[in-house]
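Engineer: Chain residues, written in single-letter form:
There are 4 protein chains.
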Amino acid sequence: MHTYTLTSMTLRPPTIASPRVAIAGATGYAGQELLRLLAGHPAIRVAAAMSSSAEARRVPALARIWDDEIQPLDTARLADADIVCLALPEHASAALGPQLARAGSRVVDLSGAFRLRDDDSRAMWYPDTPALPEGTVYGLTELHRDAIASAAFVSNPGCYPTAAILALAPLAAAGLLDGDVIIDAKSGVSGAGKKPSERTHFSEVHGSLSAYGVFNHRHAAEMEQGIGRSVTFVPHLVPLNRGILETIYVRLVPGAGSADVAGVLGAAYADAPFIRLRGDDLPDIKQVAYTNFCDIGWRVDATTGRTVLVSCLDNLLKGAAGQAVQNLNLMCGLDERAGLWR
Amino acid sequence: MHTYTLTSMTLRPPTIASPRVAIAGATGYAGQELLRLLAGHPAIRVAAAMSSSAEARRVPALARIWDDEIQPLDTARLADADIVCLALPEHASAALGPQLARAGSRVVDLSGAFRLRDDDSRAMWYPDTPALPEGTVYGLTELHRDAIASAAFVSNPGCYPTAAILALAPLAAAGLLDGDVIIDAKSGVSGAGKKPSERTHFSEVHGSLSAYGVFNHRHAAEMEQGIGRSVTFVPHLVPLNRGILETIYVRLVPGAGSADVAGVLGAAYADAPFIRLRGDDLPDIKQVAYTNFCDIGWRVDATTGRTVLVSCLDNLLKGAAGQAVQNLNLMCGLDERAGLWR
Amino acid sequence: MHTYTLTSMTLRPPTIASPRVAIAGATGYAGQELLRLLAGHPAIRVAAAMSSSAEARRVPALARIWDDEIQPLDTARLADADIVCLALPEHASAALGPQLARAGSRVVDLSGAFRLRDDDSRAMWYPDTPALPEGTVYGLTELHRDAIASAAFVSNPGCYPTAAILALAPLAAAGLLDGDVIIDAKSGVSGAGKKPSERTHFSEVHGSLSAYGVFNHRHAAEMEQGIGRSVTFVPHLVPLNRGILETIYVRLVPGAGSADVAGVLGAAYADAPFIRLRGDDLPDIKQVAYTNFCDIGWRVDATTGRTVLVSCLDNLLKGAAGQAVQNLNLMCGLDERAGLWR
Amino acid sequence: MHTYTLTSMTLRPPTIASPRVAIAGATGYAGQELLRLLAGHPAIRVAAAMSSSAEARRVPALARIWDDEIQPLDTARLADADIVCLALPEHASAALGPQLARAGSRVVDLSGAFRLRDDDSRAMWYPDTPALPEGTVYGLTELHRDAIASAAFVSNPGCYPTAAILALAPLAAAGLLDGDVIIDAKSGVSGAGKKPSERTHFSEVHGSLSAYGVFNHRHAAEMEQGIGRSVTFVPHLVPLNRGILETIYVRLVPGAGSADVAGVLGAAYADAPFIRLRGDDLPDIKQVAYTNFCDIGWRVDATTGRTVLVSCLDNLLKGAAGQAVQNLNLMCGLDERAGLWR
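Residue numbers (our numbering), protein chains in the order written: chain A, 1 to 342; chain B, 343 to 684; chain C, 685 to 1026; chain D, 1027 to 1368.
Simulated from the structure, these hints should not be mistaken for laboratory data.
All clues given are correct.
Here are some chain B residues the structure puts well away from chain C; computed CB gaps all over 12 Å:
| no. | residue |
| --- | --- |
| 1 | W467 |
| 2 | R541 |
| 3 | V595 |
| 4 | A644 |
Stretches of chain C that chain A covers, calculated by requiring three or more beta carbons in the stretch to come under 8 Å of a beta carbon on chain A:
| no. | region |
| --- | --- |
| 5 | 875 to 882 |
| 6 | 922 to 936 |
In the EDC-like style, the derived pairs of lysine to aspartate or glutamate whose C-alpha atoms are separated by at most 16 Å in a straight line are:
| no. | chain 1 | residue 1 | chain 2 | residue 2 |
| --- | --- | --- | --- | --- |
| 7 | B | K536 | D | E1224 |
| 8 | C | K879 | A | E198 |
| 9 | A | K194 | C | E882 |
| 10 | B | K537 | D | E1224 |
| 11 | D | K1221 | B | E540 |
Where is the CB? At the ideal position from N, CA and C, for every residue including glycine.
Turn these sequences into a full structure, and let the hints guide you.
Structural biologist: Have a look at this one:
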């Protein structure tokens, strides 16, 4: 197990000499987290940090970490970096991403704009998005490492789908799943973004808990694409800031049991430093918050065949900026753990 | 709709003249809430408030509401009341309840000790419990009003089962349900009781969220008894104090839809002042916390037939002490709303 | 002590037959709480509930409590009630209050517009406010009961000043205070109002705590008016929804001690049902949240003469709507406890 | 300002070749944080991680970070390390610390046992502590860097005193302070330690806030020792997990103003990478949680001379384990920032 200990890593030189990465959208929750990670990265340098605000300004919370001003968006300067990360609203990414791709930039897009490969589905959920840039790769690191390493355009997965697909895709591929898949997800409020609204007002969330987007959330389509099965997905807003926990209800095919789940997931993630398989010791959010880990546990009821998996992660790290850094590392020929300590 | 407005009630005289109720276990979370409610009740008087602690003591939070000391348990004085409420740990209720019943007291027991009618199931989940006292009634007010009114021994339902059974029992009885029933429940920490433990330590719960008791929670048996179908039940501890929200996943029989759910639940609760049917405006905990309401909403996916119900309540009120007061009201011939304003 | 037990009250008939009260601003946090209290009040009837929104709409959280629609503002209908409560923004109250007063309505204004008697101070902090309506009374119930009972226009106190003045005004009047008064206040987020902003975003408040308005908060002027001494006041926003706790640092005059504080406050509040003096058992927010109590405790360091008082209340009840109901009760000749159970 | 950017550091070789540090008490909140930091430290190696529990066991939350079992205490193995960190209860440190010192180990003690130099004061607050080991240094890094670098025994400061002394000691030394010093502190619950109690039960803390230890907290003596002035100190428990914010009320000597505060603190911390002076932009807990920073802001009321300082930090990092790592770095001849990124 020690092979993947985060702290034992010795960094090999990147395939790109001194890689320089630019960030567009560095003041939102995910963008700020990305800037924080890259500012402390041992091999990657931040070429530019920009936001869609018209005025340059400092971020007090990042003093001593990133003291430069966040600059207004400047496409030419962005294109000057080796890789550009977009942490913008969908419609902005939908416009800027293809433009940068045409100009020859490698891009990691954190929005949802380029996640759905099926044209009809994408037209329904992301109507602002044009055709996918040539060679777009879905950036779920653990499942698409090689394609990401050489990709020109990486579409970073959504927070909910990352937790769901990591738990379910190997089981589906192994033919272990039978019948309906139900995903009951609980998310902290930072997942709803920085824009103030009645829904994110402290007094509405504190001491409360609510379901939303029932039968109508675009992450369901992304999950179905990643798992290859139809899912029922109900997200809930819970009174905490960072973290997602998904309780997943499935049935195993007759004859399969807990050991099969362990075997399939163990094989799938034997080389994955950020996936911690917990078996019947079900994980909780506290253990993954402020880390890049995705923890997965499961219980199988031997008499009924019903199975519950619990998958959890930090929505701003493994669910957004942390996974983006994993992908940047691969794109630069670095160990995927670089800069993701803690 | 105004018929059931809480505030329009005119109190009729009780069938028992000046009913006197005693509480055993008045310092736990549910017991304290019960004392608070009865201290302000317009028709019922508190005959005695006792706890299993050896020393008499005041509760500062109840100053001006209940200024007397909470007394050590005294079975003779308890038996002197018209009705005795037990808010004790299961094993204590299991011993005291039948003793009081034999002595001729009417009892409302808030523990789980007497909830399961099936002997094998009860022996498994509540091994301390002897045979049920003669005429024990399951005290889910809305479903068993008449039996409760004349009952000698009422077993007050569990918090999780109250929310689940209120949403599902009428649908099951109407033959609308098809296939598995999955209940994903989220509960505030007061439901775990007052005893300090690592699990209820603030630092373990704040900013976290965890599943527990998977395939191994005794409330599942109580739900199955109430609904008449097998259920998969996964409770979660969430970082709030009061309230339960259950997200329930079912399928309707072919041809049934949202209107059928509305029709069946509407008919079942036409006379129920504390059930608020919300239709597709899904309820949240904030709207029921510190009230005796159970709010129920639902969404049916017309294309797949999958159905999601959301049922929520305050675990200390409708899930415990509030429902006990509803039952006491019925047992005294009072309007079930008496003393439950706000 | 039982004299003031809330639950022992027998309601005497009001001096106004069947008093009818109208609310302007019934959808904000304080206004909604006021509507909830009055809807369940045993003697007062709600004549109208209005808001500044252009469209009539129901409040789901008040179903079964107030099922009528909240109506758009209609000054003529307001004036038709026996008493009008204004729970509006300052500038709206500043305009509407005097207009209603001239039309002969009795008014309870929950905004700050009419709290400061000194013209210069009021011009500085509430520039929209014209001259005070004739006979305006500052509605701190416990200190001005008689004046409130016969008042035509009551200016309901601010939440922070209520907690501070209740603790300090009797001590100041008795000549017990010496030197600076420092008030370090901690408030839940509902005190910041319902309007979404970066400051009230859940992710900014959860897990955080911040001072604001240092040397620049208009409640300091209101406190100084009520206490008659200069104060240093620093409010903080803390991650909870309802409640204020103020830690007050003073010195007693030489020779005075804890018994003098107890004596003065005990005499001042001997007949006050909602003031609970706690002595050296310092109160906390949990004990007053969702109640109309103000709890006050204190500690005196005998060697240094330094004194710490802790005063706390629920900002929406004793700090706003609850105190308004106390005042309405007095204005109608009712017991001030009416409708404030729990 | 970039000089002290955390991310620009190039690590010089330690003066001790490959320093090895042992931790006693690695399962408490501070000890676990220390283990996490040292496991990822670029130059220090963890020689042993032990706890007072009798059985060896893994910490699931540290999987992939520290996969070895935490061992039962073994004094001989502890003494084998270059430096021993004690994160034990006071009485255990009081016994073990001098024993290790006599055996020639260098020690960093995170408990309070050795913080007070005055024998009478120490006898009062830490009665279990014998005489201070020869050469004991108070480990407030920014104020005692040189002494710490060569110390045999470092007593790591308390969380509350760290925030207070960092803000006040330079001002006191410069003769800027006049009159009383009042420190109103608000702390997250992790500061109360891991042991479950009624006081740390989620349901008691959530939605509440309370003062404790008034005129009776041993950190007041530690503050007075560090500042050289008498202080009034009132700590409060607030419903968050990590972080302390202290609101400090002082008067400046006549003629002094905000610029003097800025000048004195600016000079004191010109070379301090973890002190961020914020001027009149008062800091909040969110900006320091999960970091080793102490942020300090201030406001001076020019007309009255009253001054408010706000000092905040993460109680488990700069207030405990993070500061211990700063001290370990100095003791090993490393840059004090090593291993404290983020």
